[in-house]
Amino acid sequence: MSLKIYNTLTGKKELFVPLKPEKVGMYVCGPTVYDTSHIGHARSVVIFDVIFRWLKESGYDVCYVRNFTDVDDKIIKRANETGKDPIEISEKYIKEFHNEMDALNVLRPTIEPKATEHIGDIINFIQMLIEKGKAYYVEGSDVFFSIESFEGYGKLSGRNPDDMIAGARIAVDENKRNPMDFTLWKPAKPREPSWESPWGAGRPGWHIECSAMSNRYLGQSFDIHGGGKDLIFPHHENEIAQSEALFGKQFVKYWIHNGFVDINNEKMSKSLGNFTMIKDVLVKYHPEVIRLFLLSKHYRSPIDYNENSMDEIISGLDKIYAFLERAAKVGVSLSDNNPSDSDLKDKKANTNNLSGESWAAFKEDMDDDFNSARGIATIFDTVKRGNRILDSIGESAGKNSKDSISSENMQELSIICSDLQKMGSILGIIAQSPESYFKAKKEAGLADSSIDPKMVDQLVLERTEARKSKNFARADEIRAQLDAMNIILEDGASGTTWKFGQ
RNA sequence: GGCGGCUUGGCCAAGCGGUAAGGCGACGGCCUGCAAAGCCGUUAUUCUCCGGUUCAAAUCCGGAAGCCGCCUCCA
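Residue 11 is where the first sequence starts when you use the numbering used here, and the numbers rise one by one after that.
Treat the hints with care, since some could be wrong.
Here are the simulated lysine-lysine pairs, DSSO-like style, with alpha carbons at most 30 angstroms apart [unchecked claim]:
| no. | residue 1 | residue 2 |
| --- | --- | --- |
| 1 | K280 | K105 |
| 2 | K394 | K451 |
| 3 | K239 | K329 |
Ranges between beta-carbon positions, derived for each pair [unchecked claim]:
| no. | residue 1 | residue 2 | range |
| --- | --- | --- | --- |
| 4 | D391 | R477 | 24 to 30 angstroms |
| 5 | E158 | D378 | 36 to 42 angstroms |
| 6 | S446 | N134 | 46 to 52 angstroms |
| 7 | L282 | K239 | 29 to 35 angstroms |
| 8 | D71 | W205 | 42 to 48 angstroms |
| 9 | P208 | G258 | 20 to 26 angstroms |
| 10 | N481 | L282 | 31 to 37 angstroms |
| 11 | Q468 | S446 | 48 to 54 angstroms |
| 12 | D183 | K94 | 46 to 52 angstroms |
| 13 | R310 | Q468 | 41 to 47 angstroms |
| 14 | G511 | E122 | 20 to 26 angstroms |
| 15 | R477 | S446 | 27 to 33 angstroms |
| 16 | M320 | T20 | 43 to 49 angstroms |
| 17 | G21 | M320 | 41 to 47 angstroms |
Derived by calculation from the structure, the hints in this document are not laboratory data. For glycine and all other residues, C-beta sits at the position ideal for the given N, C-alpha and C.
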């Protein structure tokens, strides 16, 4: 067990040693719930989901906290535009977020705190900062954090406050002692949600909620803090300032940041109008295809979402399931591979003695800074090994029945399949049985092709008869006819099956 | 202006000093009545370019070119 994690704070890959043995505290910045989530949110959530799963698999007791920012300018703006209550807005999008993440087979974090439910914690936190001389209240204005009061300001993002001020594009607020000081508490304007505080009715600034909530659930110091790369500055920098200024000790040991999703090699942006929403992607692709895609590149690098890549991913996932289906046909039993949150650990205890070389390789891949791209390569290597065994025993030609497969081969195939399922359970894929995967695929194909399956079956039957009577001309004619409908035939040992092409 | 990142075969993508994983595609073969699937083989003497360090560099250092992100809300 020697997990290494790239730490943004040090810019190096470091051996992961939790603050307390066997326990890990992890905080990830969740969405501001004012709009529908896009594919970029999905990437971040899926990546940290895999990290969560891997930490648990590695034997840690993980407390995973992911917040919802449910009070914010954008939510208020949205509320005013739609004439709704801000709470209505945030609840709507929280619900949507949960639905989509459930569809993507994302495990729920241990705790999902909301900013509005921690206003007391936030006010206390600010109060203490003021008492320590780290923050100041400007009468009639905001409470600001004083960056000059915190020596380490800029250490996460590698920025020097003076340089930033020099090239600043921000309007200087006359109330601030230093232009880089940031808001902890701001006074409420009319018709805005607000809470009473020592500084009048108002609401928290953006950064303070994460310091207050992480402190509440994970303490003054914890192991991992994550989020998108864009959060490094100013959000996470400011969190460090708030928490370390107050508690005088290291806030977070390992900082993890994920890269962005581009769309056809362009950044998602309002001006380009290319925001790709999760719900739209879910309509087009199987959830496991989306996960496999999001994990197909190292989490820190940018990844490009485009149709061509998605088609390649579909081929890959089909290949994995097709192998499992072949294996099942010769009698390898596949376990139910959709473990709930709680039984990942039990599963480990049950199947550990069965794990093979693939699992060992995968473990190395994941231990190396959660290298899911390499883990996926290991999955394909495993599939190839399995197919090779199946070819060698001539299963496809129907020469061997289940009984005549040697016990060594059976044993090896069992291990390969169980390894595949274990690897899948970390990446959150291969959660279905091959039958239901291909059945769903066929149904999806039928749904948008207006093809009558009965008619296809009838043609397949006719072709089988034609083949029996060596009328190959007719057989090929039928094949061509179905091919024109994007239907591909496969003549197997146990009859002919059909599927949709890509 | 400040900070950071990227450039690997037709495409996607690992690689983090020891002599180029994996996927998609293409081509040849096995299998098949023909296919499909699967398997086998071929597809980068070379990693944007130029220098340097080293017995050894895609990997380290210096320089050049191109691309990108952050510094304002952003996963």
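Results of checking the hints against the structure:
Taking the CA atoms of K280 and K105, the gap is near 24 angstroms; set against the 30 angstroms cutoff, the hint holds. Under the criterion of a C-alpha separation no larger than 30 angstroms, the hint pairing K394 with K451 is consistent with the structure, at around 23 angstroms. The suggested pairing of K239 with K329 is violated, with an alpha-carbon distance near 33 angstroms, which exceeds 30 angstroms. Taken as a hint, the range 24 to 30 angstroms is violated for the pair D391 and R477, whose Cβ atoms sit roughly 36 angstroms apart.
Taking the beta carbon of each, E158 and D378 are about 40 angstroms apart, inside 36 to 42 angstroms as hinted. Against the hinted window of 46 to 52 angstroms, the Cβ-Cβ separation of S446 and N134 comes to about 51 angstroms, which satisfies the hint. Between L282 and K239 the C-beta distance comes to about 19 angstroms, which lies outside the given range of 29 to 35 angstroms. The hinted range of 42 to 48 angstroms is not satisfied by D71 and W205, whose Cβ atoms lie roughly 34 angstroms apart.
Taking 20 to 26 angstroms as the suggested C-beta distance range, the pair P208 and G258 conforms, at roughly 23 angstroms. Checked against the hint of 31 to 37 angstroms, the pair N481 and L282 fails, with Cβ atoms roughly 56 angstroms apart. A beta carbon spacing of about 25 angstroms between Q468 and S446 contradicts the range 48 to 54 angstroms that was offered as a hint. Checked against the hint of 46 to 52 angstroms, the C-beta distance between D183 and K94 comes to roughly 30 angstroms, which is inconsistent with it.
Checking the proposed 41 to 47 angstroms range against R310 and Q468 shows it is violated: the Cβ atoms sit about 53 angstroms from each other. For G511 paired with E122, a C-beta distance near 42 angstroms fails the hint of 20 to 26 angstroms. The hinted window of 27 to 33 angstroms between R477 and S446 holds, with their beta carbons roughly 30 angstroms apart. Separation of M320 from T20 is about 36 angstroms and departs from the stated range, judged on CB atoms against 43 to 49 angstroms.
Evaluation of the 41 to 47 angstroms hint for G21 and M320 yields a failure: the beta carbon distance comes to about 33 angstroms.
Of the numbered hints stated above, those contradicted by the structure are hints 3, 4, 7, 8, 10, 11, 12, 13, 14, 16, 17, listed in ascending order.
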